[in-house]
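Start from the sequences, fold in the hints, and give me the full structure.
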Amino acid sequence: MLPELGQIALILALLLAVIQAVVPLVGAQLNREPLMRLARPAAYGQFAFLVFAYAILTEGFITQDFSIAYVAQNSNLALPMHYRFSAVWGAHEGSLLLWVLILSAWTVALAALSKALPLNFVARALGTLGVISIGFLSFTAFTSNPFERHVPALSDGNDLNPLLQDFGLIVHPPMLYMGYVGFAVAFAFAIAALLDGRVDKQWVRWSRPWTNVAWGFLTVGIGLGSWWAYYELGWGGWWFWDPVENASFMPWLVGAALIHSQAVTEKRGTFGAWTLLLAISAFSLSLLGTFLVRSGVLTSVHAFASDPARGSFILAFLVIVTGGALVLYAIRAPKLVGGPPVGLYSRESLLLANNILLTVACAMVLIGTLYPLVADALGWGKVSVGPPYFGLMFFVLMAPLVWLIPLGALTRWQGDSLASVWIWLRSAAALAAVVAALAWITQRELPLKAVLGIAAGAWIVFGTFVFLRRRWKTAAPGQRLTAEMLGMSLAHIGVGMFVIGVVVTESLNVERDVRMAPGDTVEVAGYQVRFVKAHHEEGPNFIADEGVFEISKSGVVLSEQHPQKRQYLRGQVMTEAAIDAGFFADFYIAMGEPLDGGKAWAVRLYYKPMIRWVWLGALLMMFGAFVAATERRLRQTVREEARLPANSAAVAS
Amino acid sequence: MLRALIPLAVFALIGLVLWSGIGKDPSILPSTLIGSPAPEFSAPDLRDPSRTHSKASLGGAPYLLNVFASWCPTCRVEHPILERYVRERGLRLVGLNWKDDAEAGLAWLKQFGDPYSDILYDPSGRIGIDFGVTAAPESFVIGADGTVLYKHIGALTVEDMETRVMPLLQGATP
Amino acid sequence: MKTFWFLFLLALAPALWAIEPLDFADRSEEVRFQKLLRELRCLQCQNQSLADSEANVAGGLRQEIHRQMQSGKSDDEIKAFLVARYGEFVLYNPPVKQSTWLLWFGPGAILLLGGLALVVHLKKRGQPATAAAASTDDW
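Chains as they are written, first to last, in my numbering: chain A, -4 to 648; chain B, 217 to 390; chain C, 629 to 767.
Treat the hints with caution; some may be incorrect.
To be verified - Pairwise CB distance ranges, derived in the manner of DEER restraints:
| id | chain 1 | residue 1 | chain 2 | residue 2 | range |
| --- | --- | --- | --- | --- | --- |
| 1 | A | Thr138 | C | Lys663 | 38 to 46 Å |
| 2 | B | Ser252 | A | Ala311 | 41 to 49 Å |
| 3 | C | Ala745 | A | Ala372 | 24 to 32 Å |
| 4 | B | Ser273 | C | Arg695 | 22 to 30 Å |
| 5 | B | Ala228 | A | Ala425 | 49 to 57 Å |
| 6 | A | Ala107 | C | Phe733 | 43 to 51 Å |
| 7 | A | His530 | B | Ser236 | 52 to 60 Å |
| 8 | A | Gln59 | B | Ser252 | 37 to 45 Å |
| 9 | B | Leu218 | A | Pro442 | 45 to 53 Å |
| 10 | B | Ser252 | A | Ser547 | 49 to 57 Å |
No lab work stands behind these hints: they were computed from the structure. Glycine included, every Cβ here is placed at the ideal spot set by N, Cα and C.
As structure tokens, this is what we get:
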């Protein structure tokens, strides 16, 4: 009974989405207030039904109702309670339901927190979100119904893939969706602005916190996925340039450009066209990601579902939404007037360079990811593009950007001289050089690329401190450390940490596959790893061979590690690597097969220096974005700020 | 006005590329060997290790080289079809027991039937590498002169047999 | 659905068989081996390198590559050996030829175009009138 109610709730939500889309958009066009006012209630109603539907599906998992096909496919009687909650989004149908629920949640947030915005703008933004909801709700209700029954009901289900029975993988999809879907808000704002015919500072100012928060979530979502892959998959990798990973990375890159572009438009009134395009692109890339994951057109370890019918549906939706947005852009954008002239060296030009580099990086990832499709379509055979390509190209494109970061904050708007900015940054450059030299002296195996990378990361961090110090000295009290400036600084420091982490771990990591018998000691990167013994262990739904290892340095035992090779009840065999995590390095031990009839073991030992800096950097970026979103100024209307000039890059159409 | 259409044009291109990929299976790889002579090989027979097969010893008449293993579940799906074609249509079937343990392989044949006229035993997978085998089951149509005429990835269906394998074995041009 | 799960689990099950202690002459050979494996694709799995994959074919290929390395073959020779049997798809880095120009030079070309457009645009807009027009260091 309940699952059928869930289906009905989905349909009702869809109907409300139609109302939410059509009525306010028409109302805004015809300037009919009652029609526009319908947007908020429709959004709230849609949300209520979606919460209901989601709760029913969750209840199905909790009560283990195997008459629901989706529940039967993704859980079984032995599944612990806390994993029953996360199993809801463990596969295609349920994760789609989560997607639409989160979209509805963002919509409701916008509806509730937009009282200061003009009604026709809100109506258009909510209407746009309604259109998107229609697409995803139709997709869910008509092709991917999570409430389908399995008749007759099964007595027990499959299992939830053991890989998904894990904290990292529980949190990773919701965080990603919060990010992906959050970009829909920036998209909706852009559409509303285009429909309105105005690109002015006000709507950009309102959209900034939303975009920052979405990007922050996407950052942590990607970071979680990377961290999970590292500790769970057993081979120490943390990024594979897999098409599905790229699908999340592209909106991230464009989102980063968007954040900076919005800042410029909001303060200076320029870059209006860029901001619009980036807002449209960020969400379009989110949709593209959804397509890539669920259509089966690319080889990926990650692909959720390989269904051409579903792929066609998403593609059609993508064409309508993005195509429609870009047509609107083509019609309305030329009417935008550019801002005042800017010098060749100015904060604006630096941020333009930032935009270009990030956008080209995104284009590169897109080209590399889609290239197999292009080659196949043009009859060039099967082309394979993998991590070496992406790693090289990304490095080449990002290297210049990384060096520019400290310059941006210290360069004046409209025009400045590099020489005067350099005077401020000389000390940072010197410190960075010292750090790099120290690194090279203490670690002779560091290649030049890594030393430069360390210098660049240090340059960013010290340059940010230079900025903070200068701001503290020159800004008015109360304006010294605004949330926006603090957030920016945190995020940039995060970038610096990330860069250092990546270059060090990639150049200095050591991987050894060795045969070890109990009592053996192996030397890795100056540490001694001793295999003490192996014994059997039992868990709730598995049996395991567990190894006990001691890691020492210079005779001092630093830690004891217990990697396991588990065999689950259902037959899957999995490695639980033991990780000795440290701020400056990780030690990673994984058990392989027994050798020589059980007298010895194949063991993989990893030494990964500075790997935690990769995720800490990402965390800092996320915090920076969230902190910046709390900036009070962004909640004020432009009129309230006496200082800024009254002109805007607007032309009434 | 025209400049503002560039994003739309770029998107249209991307859309076309995506659309072209729908429905295609990106994991299917064409074989590099089609039309070329099969690689040289030498392997003992699974059932009688004293007998050795080579490309020359098997040549003279076309045959279907079928890669199978006891650990391969999909092989069981195509096995009855192969048996039927051997029994009813006189299919010349040579097996390649790939990356398998001899005992396990023989037990598998005992359980599911043995339609093979000869079976190459390749525990290390070296012969498989030379043939470009990526998984089991895979099958190769080898002509009388030792040329690889066709490679099939995955289980063979009746349709595959009728439309591709049997015609080639009977001398149709590939 | 079942095929999907089979492939999914096969592809994502952690590297169990991939842990193979092999003998190397010295550390640099081991590093060279690991680096080479990362440039080659496992053809059975959906997008994993030979280093990471635990598929059957990957294990055999790793041993073969190791054997060839020990007998003195160069990286290029080993790659050529694999390409002859598996096609260019086995390489993660596609060779630079006409059909891959767009891939290798496309991003660079876009960057150049973008950079040029930026400089032209800034020059065309003209420089700001006076230094006074430039605002203070204001965020």
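(message) Tell me if the beta carbons of Ser252(B) and Ser547(A) are separated by a distance inside 49 to 57 Å.
(response) Holds, since Ser252(B) and Ser547(A) (Cβ atoms, about 56 Å apart) stay within the stated range.
(request) Starting from the range 41 to 49 Å, see whether the pair Ser252(B) and Ala311(A) falls in it by beta-carbon distance. (result) Cβ of Ser252(B) to Cβ of Ala311(A): about 43 Å, so the range 41 to 49 Å holds.
(request) Evaluate the given range 37 to 45 Å for the C-beta pair formed by Gln59(A) and Ser252(B). (result) Violated: the Cβ-Cβ distance is about 56 Å, outside 37 to 45 Å.
(message) Given the hint of 52 to 60 Å, is the C-beta distance from His530(A) to Ser236(B) inside that range or not?
(response) holds (55 Å)
(request) Take a look at whether the Cβ-Cβ distance between Ala228(B) and Ala425(A) falls inside 49 to 57 Å. (result) With a Cβ separation near 51 Å, Ala228(B) and Ala425(A) satisfy 49 to 57 Å, so the hint holds.
(request) With 22 to 30 Å as the target window, see if Ser273(B) and Arg695(C) comply at their CB atoms. (result) 26 Å Cβ-Cβ, so the 22 to 30 Å window holds.
(message) I want to verify a distance hint. Is the separation of the beta carbons of Ala107(A) and Phe733(C) within 43 to 51 Å?
(response) holds (49 Å)
(request) Given the range 45 to 53 Å, decide if the beta-carbon distance of Leu218(B) to Pro442(A) lies inside it. (result) Because 47 Å falls inside the window, the suggested range holds.
(request) Could you see if the CB distance from Thr138(A) to Lys663(C) stays within 38 to 46 Å? (result) holds (44 Å)
(message) A range of 24 to 32 Å was offered for this pair. Does it hold for the Cβ distance of Ala745(C) and Ala372(A)?
(response) Taking Cβ atoms as reference, Ala745(C) and Ala372(A) lie about 29 Å apart, which means the hint holds.
Hint check: a violation occurs at hint 8 only; the rest are consistent with the structure.
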